[in-house]
Amino acid sequence: MNCDEAFDLITHPTDHNCEELQWHLQLCPRCRQMKETLAPALDTFQQILDDVTDVDQLSQFHADFHQTSDQESASIFPKTGQPFLSAETVRMAEQAASRLRAESVTNQMTKPSQKPKPHQKRLVHAALILLVGFLMGWGISLNGPENQFSPSVSSLQSQQPCLWIAQRESRANQPAKTAREKGSASNVVLSCVACHLQSTAE
Amino acid sequence: MIDDATIMKRICSGEYLLFDELVLRYRERLLRFAWSKYGSLSAAEDLVQEAFLSAFAARESYNPAFAFSTWLWTIFLNLCRRHYKRELRHPREMVRSSFAAAEAAVIPEPSSSETPLQVALKTEQFELLALYLAELPEVQADALRLRFFGGMKFTEIALTMDCSLSAAKIRVKNGLLQLAHRFSEGSTSEGEVS
Chain Z
0 MNCDEAFDLI THPTDHNCEE LQWHLQLCPR CRQMKETLAP ALDTFQQILD DVTDVDQLSQ
60 FHADFHQTSD QESASIFPKT GQPFLSAETV RMAEQAASRL RAESVTNQMT KPSQKPKPHQ
120 KRLVHAALIL LVGFLMGWGI SLNGPENQFS PSVSSLQSQQ PCLWIAQRES RANQPAKTAR
180 EKGSASNVVL SCVACHLQST AE
Chain Y
0 MIDDATIMKR ICSGEYLLFD ELVLRYRERL LRFAWSKYGS LSAAEDLVQE AFLSAFAARE
60 SYNPAFAFST WLWTIFLNLC RRHYKRELRH PREMVRSSFA AAEAAVIPEP SSSETPLQVA
120 LKTEQFELLA LYLAELPEVQ ADALRLRFFG GMKFTEIALT MDCSLSAAKI RVKNGLLQLA
180 HRFSEGSTSE GEVS
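Keeping their order, the protein sequence lines are chains Z and Y.
For the first sequence, numbering that gives the first Met the number 0 assigns the number 0 to the initial residue and increments by one for each residue that follows.
For the second sequence, numbering that gives the first Met the number 0 assigns the number 0 to the initial residue and increments by one for each residue that follows.
Worth flagging that the hints you see were computed from the coordinates, not collected in a lab.
We treat Cβ as the ideally placed atom computed from N, Cα and C, and that holds for glycine.
It is possible that part of the hints are untrue.
Stated by the list, open to error - Below 35 Å or equal to it, Euclidean Cα-Cα: the simulated DSBU-like pairs (lysine-lysine) are: (1) K8/Y <-> K152/Y; (2) K152/Y <-> K84/Y; (3) K121/Y <-> K168/Y; (4) K172/Y <-> K84/Y; (5) K8/Y <-> K168/Y; (6) K152/Y <-> K168/Y; (7) K120/Z <-> K172/Y; (8) K172/Y <-> K121/Y; (9) K121/Y <-> K152/Y; (10) K8/Y <-> K121/Y; (11) K152/Y <-> K120/Z; (12) K84/Y <-> K121/Y; (13) K168/Y <-> K34/Z; (14) K152/Y <-> K172/Y; (15) K34/Z <-> K152/Y; (16) K34/Z <-> K172/Y; (17) K120/Z <-> K168/Y; (18) K34/Z <-> K121/Y.
What the hints assert, rightly or not - Stretch-level coverage of chain Y by chain Z, calculated; a stretch enters the list once three of its residues show a Cβ under 8 Å from a Cβ in chain Z: (19) 55-68; (20) 153-166; (21) 169-175.
Said to hold, decoys possible - Ranges of calculated distance between the beta carbons of each label pair, as one might list FRET restraints: (22) L16/Y <-> T105/Z: 30 to 38 Å; (23) L130/Z <-> C11/Y: 52 to 60 Å; (24) C162/Y <-> L84/Z: 23 to 31 Å; (25) I169/Y <-> A126/Z: 51 to 59 Å; (26) G13/Y <-> A126/Z: 22 to 30 Å; (27) E4/Z <-> E14/Y: 38 to 46 Å; (28) R98/Z <-> L16/Y: 24 to 32 Å; (29) I139/Z <-> D161/Y: 39 to 47 Å; (30) R24/Y <-> L130/Z: 53 to 61 Å; (31) V138/Y <-> F133/Z: 25 to 33 Å.
Construct all of the structure, not just a fragment, from the sequences and the given hints.
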């Protein structure tokens with residue numbers, strides 16, 4: 000039971016003491032607070048509804064608590080002998096019927112279209128996730144070095160031996176480094192990328 | 000028990016006496032609503048009678064697609080509003096005057112096991128509630144009356160009052176808050192006096 004349903008039961012004319020509500024009130028301090036705040040009004044309503052089973056019983060000691068005179072009452076309601084039901088009242092009833100009919104038709108029409116909504120939502124979400132994934136992948140590919148995936152470069156590098164290994168070998172053979180070898184960092188990177196890209200692809 | 004829609008269907012086909020069943024089902028709730036709204040039992044009885052008569056006269060316009068109770072309450076609420084507008088032209092003060100104004104009234108013999116005092120206390124409580132309800136904005140008071148005296152669901156209240164479901168709930172909630180505050184004030188002032 001959520002708090003909305005709890006409010007329904009708190010204000011329910013007969014089911015305000017049901018176990019389900021008591022259980023919710025024990026767990027939810029917000030609803031408990033609400034019930035305590037509303038208690039003076041709720042208790043009065045519920046006492047009247049619990050005790051009085053018949054309006055006629057209540058009216059035993061009844062005296063109108065309006066300060067009304069007989070003359071005023073007569074001006075509001077038709078005098079005896081006159082038709083009690085006016086055409087205006089019947090029109091009112093017919094208008095109410097047409098409004099309610101229109102609303103029920105509208106509800107029936109909207110209900111079937113509302114049903115597949117969760118399914119449609121799921122599809123839209125899936126499509127969005129796919130789109131975002133595609134865009135992210137595309138963005139990453141744009142940010143990366145353009146020649147990384149260039150077939151000409153990778154094929155060229157794959158044909159060359161790894162420059163680190165080559166450097167180590169040359170160091171062993173020739174201890175003195177040349178300036179050209181020092182400045183070939185980009186070549187080293189390219190060779191690494193070429194080797195590693197190849198191994199990943201494999 | 001036959002449902003309202005079936006009864007209305009049979010009434011439309013000529014079984015007019017079945018309308019009594021609908022009157023029995025709804026009369027008391029409607030009466031309590033109107034009595035708490037206007038304070039006058041005779042005026043309440045007239046309004047209830049008029050609502051039933053108009054529902055009967057316009058029976059052909061009833062459609063089982065909507066609930067009979069919602070239709071009846073809508074008619075009744077419109078009648079009450081019309082009555083309220085007329086009352087505004089002849090404003091009257093609402094007072095707690097049950098015994099003072101009823102000097103000429105003959106106190107009947109109690110028909111139940113309750114003592115006259117108990118019945119009098121109940122009547123007083125009902126009058127006090129009606130008085131506080133009259134102080135609320137009309138839509139809030141009507142929503143409360145429909146909920147408690149009419150025993151209606153919030154969806155039915157929304158349909159009858161031609162508002163959204165959340166608006167119906169808010170009206171009931173705000174009305175109850177104000178009413179609770181008013182009752183608390185009343186009990187505090189009574190405590191101070193004693």
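Could you work out which of the previously given hints the structure breaks and list their numbers from low to high? Violated: hints 10, 25, 26, 29 and 31.
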